[in-house]
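Chemist: Sequence:
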Amino acid sequence: MKWLEKYNHWLENENIDEETKKELRSIENNKEEIEERFYTDLAFGTAGLRGKMGAGTNRMNKYVISLTTQALAEVIKEEGEEACNKGVAIAYDVRHKSDEFAKIASLVLANNGIKVYLFEDIRPTPELSYAVRRFKTQAGIVVTASHNPKEYNGYKVYWKEGSQILSDIAERVTEKISEINDIAGIKAMDEKEAKEKGLLEIIGTDIDDEYLSKVKESSIRNNINKDIKIVYTPLNGTGYIPVTRVLDESGFKNVYVVEEQAEPDPTFATVGYPNPEDTKAFKYAINLGKEKNADILIANDPDCDRMACMVKDNNNEYVSINGNQTGAILIKYILEGLKDKNELPENGVIVKSIVTGDLGKNIAKAFGIETINTLTGFKNICAKANEFEKTGEKTFIFGYEESIGYVYDTFVRDKDGVIASMLIAEAAAYYKQNGKNLLEVLEGIYREYGYYSEDLFSLVLEGIEGQERIARMMKTYEDEYLTDIEGAKLINITDYENSIRKDLLNNREEKIEINKTNALKYELDNESWYAIRPSGTEPKIKIYIYAKGKDKKDAEIKVNNIKENVLNKLNSIE
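If you count the sequence shown from 1, position 180 lands on 180 in UniProt numbering, and the numbers rise without skipping.
If you are wondering where the hints come from, they were derived from the structure by calculation, not from laboratory data.
Just to be clear, a hint being listed does not mean it is correct.
[Unchecked claim] In silico lysine-lysine, DSS-like type, Cα no more than 27 Å apart, as pairs:
#, residue 1, residue 2
1, Lys-489, Lys-475
2, Lys-489, Lys-384
3, Lys-516, Lys-542
4, Lys-540, Lys-521
5, Lys-384, Lys-341
6, Lys-31, Lys-77
7, Lys-361, Lys-197
8, Lys-540, Lys-62
9, Lys-136, Lys-77
10, Lys-214, Lys-187
11, Lys-516, Lys-563
12, Lys-552, Lys-436
13, Lys-489, Lys-432
14, Lys-214, Lys-197
15, Lys-176, Lys-160
16, Lys-280, Lys-339
17, Lys-136, Lys-229
18, Lys-52, Lys-22
19, Lys-52, Lys-176
20, Lys-361, Lys-136
21, Lys-502, Lys-516
22, Lys-216, Lys-521
23, Lys-187, Lys-197
24, Lys-197, Lys-229
25, Lys-341, Lys-292
26, Lys-365, Lys-394
27, Lys-187, Lys-86
28, Lys-62, Lys-292
29, Lys-552, Lys-136
30, Lys-77, Lys-390
31, Lys-365, Lys-160
[As the list claims (entries may be wrong)] Label pairs and their computed distance ranges (CB to CB):
#, residue 1, residue 2, range
32, His-9, Glu-317, 55 to 63 Å
33, Glu-33, Ile-500, 22 to 30 Å
34, Ile-514, Leu-567, 48 to 56 Å
35, Ser-535, Ile-512, 19 to 27 Å
36, Lys-511, Glu-291, 56 to 64 Å
Each residue gets a CB set at the ideal place from its N, CA and C atoms; glycine is no exception.
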């Protein structure tokens, strides 16, 4: 069915509500908008769904939510009666319609005879992971678009281990979606009936207490001076209550919350783009930090699965520490602490993504700890925790990505901004007690392990034409890559889609044991490398660059050389 036929079908479908039809009629003279909304179906992948809200098959709305949930229900029913009885835990964030979408998903599942545990109000995404493990459910759902702009929402699915689904389950859900003919014909049970039948149970604050107790138990050092001053912002998301509670109950009493960003706000009026990776999101926190003379500023994204920080330097200015740097500091802090307590496991492992830098890996190596690379996404990082739990072969210590996601321990199987906020506060307090701020700690790491510099930039290409151009960029660059960048020679290429690593120096190819993904990595002979991949959740192609130099300036020059050359090459691909 072509896009215009789909549009008309929605207008004529008696199961589509009048409000939705009114929205569709308002664009009847805008062919480009109609095509954009109906040219494809919002794709369900291993990251679930994510897209702009609105009417249409390529938008987040109650019909797409119902369809996806019915497909998930069919997969769970295939697992048997026990899986249906185990049920599904559901959480949601602060965004427009998040509560409505979560309720719809709950009642669709209930109509299929599947038990649902629904949080009573907004909760951080990592608590959903905890709830899946706590209630031993078959699956979990969280309605969130993470750090995307206010126009977006999303739907992430978890499996019984508490981690996000991998391709095996995602492909089954996708197949079930394709078998459902009428997107508006999905049935949902009445809420009262679902509760009376024991198919809908509301989760309250008891689970909050359990989860936060586990977070506090993951403290590395309790006997340190915690008088440091912290400014915290949840960026109007779900982190306010859990993070401030953990910090307070852990002994951090000088915590100042950005009032304008404390309460939930689906419009994110004070920040616009609620991504703490972008230092613009720290504007209010910096102002409060200067007023309170804070040592560190901490921010979470709206669903509180990620954490970013800024640190006061010796000139009383606040400097951002990026994801790789924060990961390196946390690895140093955690491994030092475990070693001091004689709790460093002999078979311990750090897990990171293929586009995360190697500084943390080198620190871990110095402690005798192995680092394993996975594909991007915490579904892959925490899949390793699941694997080790079954085999007992290794002990998962810490997982992280350059995109400010971190998890310590395994009671949560996803990145966790609550745990990360507590640990970075601890690290700042511990090192201050020893006469250093975190910037000085980072400088010491560089002196010991080498100076690393990096950059991540994206080319945003929206709409149908944008998606097509991204595909052309990936294909063309695969065939016409740069062999020389300012005198640095290309020596290795890793093609993750075809699971091949090419050794150009020895003219050899080898298969690599890693799940497939659309990504390319290029290694140069000056200890630099870069990777290119399309985003799985946003209309952009992402380029990651890393370099090691004899000093900071040398490393930065290498990064800038790569960026300029690769950007010119990509922009030349029409």
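Chemist: All hints, please: hold or fail.
Modeler: Hint check results:
Proximity of Lys-489 to Lys-475 is assessed by CA-CA distance (about 21 Å); at most 27 Å being required, the pair is judged to hold. Straight-line distance between C-alpha atoms of Lys-489 and Lys-384 comes to about 34 Å, which puts the hinted pair past the 27 Å bound. Distance restraint check for Lys-516 and Lys-542: the Cα-Cα separation of roughly 17 Å lies within the 27 Å cut-off, and the hinted pair is therefore satisfied. Restraint check for Lys-540 and Lys-521: satisfied, since their Cα atoms lie roughly 17 Å apart, inside the 27 Å limit.
At most 27 Å may separate the alpha-carbon atoms for a hinted pair to count; Lys-384 and Lys-341 meet this at roughly 25 Å. The hinted pair formed by Lys-31 and Lys-77 fails the criterion: a straight-line CA distance of about 40 Å is larger than 27 Å. Under the criterion of a C-alpha separation no larger than 27 Å, the hint pairing Lys-361 with Lys-197 is inconsistent with the structure, at around 51 Å. For the given pair, Lys-540 sits about 26 Å from Lys-62 by alpha-carbon distance, which is consistent with the 27 Å threshold.
The suggested pairing of Lys-136 with Lys-77 holds, with an alpha-carbon distance near 16 Å, which does not exceed 27 Å. At most 27 Å may separate the alpha-carbon atoms for a hinted pair to count; Lys-214 and Lys-187 exceed this at roughly 38 Å. Restraint check for Lys-516 and Lys-563: satisfied, since their Cα atoms lie roughly 26 Å apart, inside the 27 Å limit. About 20 Å separates the Cα atoms of Lys-552 and Lys-436, which keeps this hinted pair within 27 Å; it holds.
Taken as a hint, the Lys-489 and Lys-432 pair is broken in the structure, with Cα atoms around 43 Å apart against an allowance of 27 Å. About 32 Å separates the Cα atoms of Lys-214 and Lys-197, which puts this hinted pair outside 27 Å; it is violated. Restraint check for Lys-176 and Lys-160: satisfied, since their Cα atoms lie roughly 19 Å apart, inside the 27 Å limit. For the hint pairing Lys-280 with Lys-339, the CA-to-CA distance comes to about 37 Å; that exceeds 27 Å, so the pair is violated.
Of the pairs offered as hints, the one joining Lys-136 and Lys-229 is violated, with about 39 Å between alpha carbons and a cut-off of 27 Å exceeded. Restraint check for Lys-52 and Lys-22: the C-alpha separation of about 18 Å stays at or below 27 Å, so the hint holds. Note on Lys-52 and Lys-176: the hinted pairing holds, with a Cα-Cα distance of about 23 Å set against a maximum of 27 Å. Simply put, Lys-361 and Lys-136 have alpha-carbon atoms about 33 Å apart, too far for the 27 Å limit, and the pair is violated.
Pair hint Lys-502 plus Lys-516 holds up; C-alpha atoms about 16 Å apart against a cutoff of 27 Å. At roughly 38 Å between alpha-carbon atoms, Lys-216 and Lys-521 are farther apart than 27 Å, so this suggested pair is violated. About 17 Å separates the Cα atoms of Lys-187 and Lys-197, which keeps this hinted pair within 27 Å; it holds. With a CA separation close to 50 Å, the supplied pair Lys-197 and Lys-229 exceeds the 27 Å bound.
The suggested pairing of Lys-341 with Lys-292 is violated, with an alpha-carbon distance near 34 Å, which exceeds 27 Å. As the CA atoms of Lys-365 and Lys-394 are separated by approximately 15 Å, the hinted pair is consistent with the 27 Å bound. The straight-line distance between the Cα atoms of Lys-187 and Lys-86 is roughly 21 Å, inside the 27 Å bound, and the hint therefore holds. Proposed proximity of Lys-62 and Lys-292 is contradicted: the alpha carbons are some 45 Å apart, above 27 Å.
The suggested pairing of Lys-552 with Lys-136 is violated, with an alpha-carbon distance near 49 Å, which exceeds 27 Å. Of the supplied pair hints, the one linking Lys-77 and Lys-390 holds, its CA atoms being roughly 25 Å apart against a limit of 27 Å. For a cut-off of 27 Å, the pair hint linking Lys-365 to Lys-160 is broken: about 32 Å separates their Cα positions. One distance hint, 55 to 63 Å for the beta-carbon pair His-9 and Glu-317, holds here, with the actual separation near 58 Å.
Range check, Glu-33 to Ile-500: Cβ separation about 41 Å, and the 22 to 30 Å hint is violated. Between Ile-514 and Leu-567 the Cβ separation comes to about 27 Å, which falls outside the hinted range of 48 to 56 Å. The hinted window of 19 to 27 Å between Ser-535 and Ile-512 holds, with their beta carbons roughly 22 Å apart. The given range of 56 to 64 Å is respected by Lys-511 and Glu-291, whose C-beta atoms sit roughly 57 Å from each other.
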